[in-house]
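The numbering of the sequence shown is full-length UniProt numbering, which starts it at 1 and goes up by one.
Please note: incorrect hints may appear among the correct ones.
To be verified - Derived DSSO-like pairs (lysine-lysine); straight-line CA-CA distance at most 27 Å: (1) K272 x K487; (2) K401 x K272; (3) K241 x K230; (4) K401 x K487; (5) K230 x K46; (6) K272 x K491.
Rather than coming from a laboratory, the hints here were simulated on the basis of the structure.
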Amino acid sequence: MEPPGDIKGQPNPSMETRVRPEDGQAPQESASTIPSVEEKNKKSAKSWPFYFAFLGLNINALIYSLDATILSVAIPHIAEDLNGTTLESFWAGISYILCVVVTQPLYTTISDVVGRILPLYFAILLFSIGSIVFATANNMTIVILGRVLQGLAGGGLDTLSEIVVADMTTLHERSLYLGLMALPIAAGSVLGPSLGAVFSSSVSWRWIGWINLPFLGVSFILLAFFLHLKSLGETLASKIKRLDWAGIALYSIGTVLFVLPISWAGTLYAWKSWETLVTLLLGIAFLAGFAIYERWPVAPVMPYRLLASTSIKMALVSNFALGAMLFTLLQYVPFYYQAVQLETVIGSAVSMLPTNIVSVLSAVGAVIIIGIIGSGYRWAILLFWVMATLGGGLLVLLDLKSGSSMRLGLPVVCSTGIGALLRLLHLPIQAGVSDVNDTGLAIGLLLTVRLMGGLIGLVVGSTIFSNVFASSIRSIAELPDSLAALKHADKAVGFIPHLRTLDLPGEVVDPVLRAYLAALRAIFYTMTGFGGLGLLSSIFIWEHSLEKNELGRQQFQG
């Protein structure tokens, strides 16, 4: 007997392809219903408008990815320039991810009801406004406001770009186009730290905002002229009535109330303070109410039918862990290079290049190979989770005296696994839906859960960094006047650029560097824990056939 989910060979009239039976799954296609080679080739033929529209969507993915990573090496410089605190510095990054997490399912459900085009145009316009606000900020509050606006739009740029690609392609084709879309997403991750370093140290960090505008302009023009999707055939008023307004409100309020106290606990307020506990409990209550309520709306924000499959549920848990690892890696490895190895902003960006480049190659290569083979993604997911978890654990070996091979090589092990998983984990979720019309909702849920993991990873990392650094710095018997600012842990991030300029003996500086290292190691241990969660959950992901040739709900009309 074959193990569940083991897809072997091609189906024929006497033997159908079988997968692990799961509740909510439609039967697999028999040989008589699988299109011929000629039919597949006909469906695979794409027009020039398709490719121009695909280019516009890829530009959106690039900008979203770029802005998710571009602050990682520039935050210390911005905090120094605007006299920001550590809490404000972390919120400049966290606010973006928080707003993306809040809005991703909203863009998904709204676009599923009213169509993809209008929400996509709105996201491009709002992201442009947020970029201008960020670029003209004169204090950290305005910086955070700009990031909030960008995050409110980023949820649409990210989610809708991938959903529209799913609508435009069949599941059989999607591995190729997801692999191609991995290029701009990964390029944004690679270029983000480098551009942030160049802008903040050589030109002005304000160009982090200005650089988005020409790209968004080109994207808007391409999509306006070439992206034409199938109409849903309802009036706007009837579409608006179908929206799950109560679910939208419960989810948005609950997410914000849940994340806020986790971010400030141990820094702004104590964990046991009423401000932390009351806000956290309110967030949990709203999210619990949201989960209960979502069983009844006509067009729910979180359709329960998507969770009928064990594979989909476990893939979502795996995605949550992946998001936490990804954003923690991108945020804190540059901190290690700057705060412990005393590299410049540009130097840390250069040190991140091997990590980012390998993740690009891994992401593109893994999903394209699976697309060519047509099966085997379950074992690939397990393999790359082992690599990501092992890589996270190896990061704790980094110290003050690590040589270049360790400094550059250890993060590469982790990023190889993470890069491949970013694309591979799409496959069990999209292949597992029983109705092709739910593909867009499934993608939106996947991206939301991943970003929720990223948000939790950043928030937990921020709390760990502040608390461990404060404890470590207090253990130092005496600090000279030039280091006195570090007695206040909220100045730890903003002080990083000054570490290289200190004219102090090693026996004075090294304990401070070890305080930074202790905080970062605690975060790397946490990363490894998230990796273990991802690996464990991936064991229960079963493989489904990728040989499906239906287009998505809002098909391309080119």
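What hint numbers does the structure not satisfy?
2
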